[in-house]
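> Chain by chain, the residues:
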Amino acid sequence: MSYKPQLTGSWWLKHRFFKAYMLREATVIPLAFLLCSLLAGAFSLQDPERFQHWQAFMSNPLVILVHTLALTTSLYHAATFFVLFPRVMPIRVGNYQLPARYLVLAQWGAVWLVVALFIWLFAFGGQS
Amino acid sequence: MQVHTFDVVVVGGGGAGLRAAIAAAETGGNAVGLVSKVYPMRSHTVAAEGGAAAVTRGDDSLQSHFDDTVAGGDWLAEQGVVDYFVRHAHAELVQMERWGCPWSRQASGDVQVRRFGGMKTERTWFAADKTGFHMLHTLYQTSLKYPQIQRFDEYFVLDLLVEDNQACGVIALEISSGELHLLRAKSVIMATGGAGRLFRFNTNGGIVTGDGMAIAYRRGVALRDMEFVQYHPTGLPGSGILITEASRGEGGVLTNKDGYRYLQDYGLGPETPLGEPQNKYMELGPRDKLSQAFWHEQQAGRTGKHGDSDVVYLDLRHLGEAYLQERLPFICELAKAYVNVDPAKSPIPIRPAVHYTMGGIETNADCETSIRGLFAAGECASVGLHGANRLGSNSLTELLVFGHLAGKKAMQRALGDSPCKDGAESIRQLGSQWQERLESMMRGGEPGRPRWPELKAELLKVMEEGCGIYRDEAGLTQALQSIRGLRERYERVQLGDQSQIYNTDLLHCLELGCSLDVAEATCLAALQRRESRGAHQRLDDSCQQRNDQQYLKHSQVFYQGAAPARLEWQDVDTHLSAPGERHYGSKGSGLKGSGAEGSDGGQHA
Amino acid sequence: MRSIQVLRYLPEESPQPFLQSFQVPVTDSTSVLDALNYIKESLDPTLSFRWSCRMAICGSCGVMVNGIPKLGCKDFLRNYPNDLIIEPLAHLPVERDLVVNMDSFLRHLEAVKPYLIEGKNAADSSQPNRQTPAQMARYQQFANCINCGLCYAACPQFGLNPEFTGPAAIALAHRYNLDSRDSGKAQRMAPLNSKNGVWSCTFVGFCSEVCPKGVDPAAAVNQGKVESAKSMLIQLFSGRAIGGAGQ
Ligand SMILES: Cc1cc2nc3c(=O)[nH]c(=O)nc-3n(C[C@H](O)[C@H](O)[C@H](O)COP(=O)(O)OP(=O)(O)OC[C@H]3O[C@@H](n4cnc5c(N)ncnc54)[C@H](O)[C@@H]3O)c2cc1C
Ligand code: SF4
Ligand code: FES
Chain D
1 MSYKPQLTGS WWLKHRFFKA YMLREATVIP LAFLLCSLLA GAFSLQDPER
51 FQHWQAFMSN PLVILVHTLA LTTSLYHAAT FFVLFPRVMP IRVGNYQLPA
101 RYLVLAQWGA VWLVVALFIW LFAFGGQS
Chain A
1 MQVHTFDVVV VGGGGAGLRA AIAAAETGGN AVGLVSKVYP MRSHTVAAEG
51 GAAAVTRGDD SLQSHFDDTV AGGDWLAEQG VVDYFVRHAH AELVQMERWG
101 CPWSRQASGD VQVRRFGGMK TERTWFAADK TGFHMLHTLY QTSLKYPQIQ
151 RFDEYFVLDL LVEDNQACGV IALEISSGEL HLLRAKSVIM ATGGAGRLFR
201 FNTNGGIVTG DGMAIAYRRG VALRDMEFVQ YHPTGLPGSG ILITEASRGE
251 GGVLTNKDGY RYLQDYGLGP ETPLGEPQNK YMELGPRDKL SQAFWHEQQA
301 GRTGKHGDSD VVYLDLRHLG EAYLQERLPF ICELAKAYVN VDPAKSPIPI
351 RPAVHYTMGG IETNADCETS IRGLFAAGEC ASVGLHGANR LGSNSLTELL
401 VFGHLAGKKA MQRALGDSPC KDGAESIRQL GSQWQERLES MMRGGEPGRP
451 RWPELKAELL KVMEEGCGIY RDEAGLTQAL QSIRGLRERY ERVQLGDQSQ
501 IYNTDLLHCL ELGCSLDVAE ATCLAALQRR ESRGAHQRLD DSCQQRNDQQ
551 YLKHSQVFYQ GAAPARLEWQ DVDTHLSAPG ERHYGSKGSG LKGSGAEGSD
601 GGQHA
Chain W
1 MRSIQVLRYL PEESPQPFLQ SFQVPVTDST SVLDALNYIK ESLDPTLSFR
51 WSCRMAICGS CGVMVNGIPK LGCKDFLRNY PNDLIIEPLA HLPVERDLVV
101 NMDSFLRHLE AVKPYLIEGK NAADSSQPNR QTPAQMARYQ QFANCINCGL
151 CYAACPQFGL NPEFTGPAAI ALAHRYNLDS RDSGKAQRMA PLNSKNGVWS
201 CTFVGFCSEV CPKGVDPAAA VNQGKVESAK SMLIQLFSGR AIGGAGQ
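Residue numbers (full-length UniProt numbering), protein chains in the order written: chain D, 1 to 128; chain A, 1 to 605; chain W, 1 to 247.
In isolation and in its complexed conformation, chain D is listed as follows (with noise of 0.2 Å):
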């Protein structure tokens, strides 16, 4: 005699907690179009004429728009994801729990450590 309300298809619309979350598992559409057009222009190599077509591809203003879009959706996943590590994989030392901001913040250290790595590689050619 009991009832049980069926889950919609819009359930996450009733809570801006699960908007967020929603959204943060959207961020992979725009980062899977990034990563196709990247494998596109890796076949492309081999074949000049190719590597053109896909170079003009690639600055066609949509899809520049698309991959910046990548970039901004990839770091809010980057930083929803970070927040998220120190509770799965917490740290210790010795008896001292290490506060999740000190990891957090490691992280972004970490990222910024990457693309400043990247930065030097092609901006500078490796020589400084």
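Hints were generated in silico from the structure; no laboratory data involved.
Hints should not be assumed to be uniformly reliable.
Taking lysine to any residue pairs in the SDA-like style, the calculated list, with each CA pair at most 20 Å apart, reads [what the hints assert, rightly or not]:
(1) A:Lys461 x W:Ser42
(2) W:Lys185 x W:Glu110
(3) W:Lys74 x A:Asn340
Take the given structure of chain D and dock chains A and W with the ligands to it, following the hints.
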């Protein structure tokens, strides 16, 4: 009516009931029924904060725990029972540890003990400030290991099946369907908790309505020492929610509205320095003395106001935020939520609230009642441990020590005794009797029949006015009369809900019926005890002192149906320690070596 | 006085739940539970709901308040100046009014063997184990669950798949797995590794958001994923079937 058959049926899924069910399962047999009107982990044991006592440290002794308990109970405890208790306490707490209870620890990994009011030495084990919560969940989870234990969650027990003065089972209402069930068993253990909800300001949960006491009482078992109702000095105003005594053990101090530590004016001084609490002095005096001191301050107009309650203040500020979060996190949470106070920043307003019923279903030292095969343990029972006043942290241990004993004895009885008669006829009778009773409550639409909320409101008022921290002849006579009137009106009570499924209106109404019977016993015993002892304090001229000549006796109240209840007196077992005086504060010390808390004339075997 | 709405369900009268409005008195400290009790005692005796401790420790009184799972006794009317709608906990079958069926919740709890399983060479049982405060700190937060079920009402994965073991049960399993006195992890990993175990979770994280006791079940579930991955790898290399350990 469905009939189920067990070796032992346990009524109550709190600390005592779960411990008893596990002990019964471990003793043998193959069927233990565990009935509770709420899921076991909702039982009010969950709310206990402070801790559980057992002699632990090298500088402590069983004798000292015994002396504290007997003196704390103003010599009305059964001394053989206290002796059994202190001897078995430690092993029970160790057993809990082995079952996973997260007791707070010292840096070495050994169990930590804390100070507690009325205990001379640190001997209270605790699990942060959620001791009862952790004990209850540990017991509930451990009970899942035993396939012999079959639970009946959300079944409300109505009555006992008794044949030839032998317990043969219980009849229970399945709350989800409204159906009656009969659980047959060769022994039955009552573990239904206290009756704090007889009073308006109390620290108890809504389910603590004295059901089991009333059920056994109606079948002829005496309710013993019911006049002893403990007030806790530190409840939150309004709700009555408890602020644990551990907050004073950790160094919290009580002040009146002028910021003065008034306890030194009531024989509990001299004032102990801030941050250096001392056992049995000031804030660590026993509960009854502290609650009584509040009453005097209130009379003298030195209490503050919170909403419409008179209050004094519990000041924890000097302990600092970090320490409070480590040791008293739950207190911080409660104070913030329910009175909007951050204990690290301001004192918490508090007032006394009814906390514990020392009396209950009379049992012998084996937890068995005057009905063969009917046992009782925990707060609903009067095995004789607490006498006239319970010491904080003795009762959680009691649940374990006597829950264990009751479970074991009940199973032994069930395995040894010949089974009850087939009893088909009496089962049918009991079933139809309750069916009729419930139907008559449900039958609606008749004018002039009372509903339970109005009767309950009156009960609370009567008990508060006539049977509070201080009592007198006139007030008690009036209270007793009012309660008899309420009982009469209850006979014609009518429900506002006629349904079968989760009819909580019916449950509250049944609970009120139990509370009314228990209230009559409480008021009768309080009226007849014309002395002041422990938690029972009288203001009438000739009753302000303890009177061992006449009243070194247990009260026993017997149910008489619709007629007024009857009272008898029973001797107290004092064979180990003769009555002395209770002293706290500086008067309590200076008697080094005697082992008693100032038991002037105390002889110790 | 102010008005609040309650989702009623009276199965003996009608198969349809319906909203009902009530006028209740309010002060600064009126909790949702106080309001419900006022309705029951003064306005409508047929309203059914569970409660007991009224101090946020027994776990009886979970309800949805404006769509969010809350303990009725620890949520105050002062927090809702506008509309206030009280409904039964989501994702569980409703038996009547605000009373939900907790059977599946308890079944999931029981399935993870939530009790200490001592090893064969456990020490002499008349003495307590030692456990340092640091060892205790590893699991203590997960031992604070009051079984209120709010996290199940917050979890869309449980809403979609009631066989999902769910946040509180996994947190409890994790609590014992992390306990230095316990040796039962292998037995508990089997249900956690299974398809209705930790891997059903997509780290929505709302369970931890609504938990009234700071248990952070989402952390437990996702730490459980790390454990589960480890235990599956170990099984893979030791050549045993996945999910079959400890049976
Ligand atoms: C706020 C608070 C703090 C406390 N702190 C401490 C402390 O620090 N130290 C200490 O030693 N003591 C403390 N106490 C006292 C101690 O907690 C209680 O005495 C003890 O928990 C009672 O346990 P119990 O098992 O007897 O009953 P309960 O835990 O109350 O359980 C009663 C059981 O009986 C069942 N029941 C009742 N009636 C029926 C019925 N009609 N049908 C079916 N089932 C029924 C209920 O469902 C429940 O499962 C405290 C008490 C309170 C209220
Ligand atoms: S984890 Fe939190 S929300 Fe879930 S049942 Fe436990 S206490 Fe409630
Ligand atoms: S009534 Fe116990 S948690 Fe709310």
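> Honestly, which of those hints from before does the structure not fit?
none
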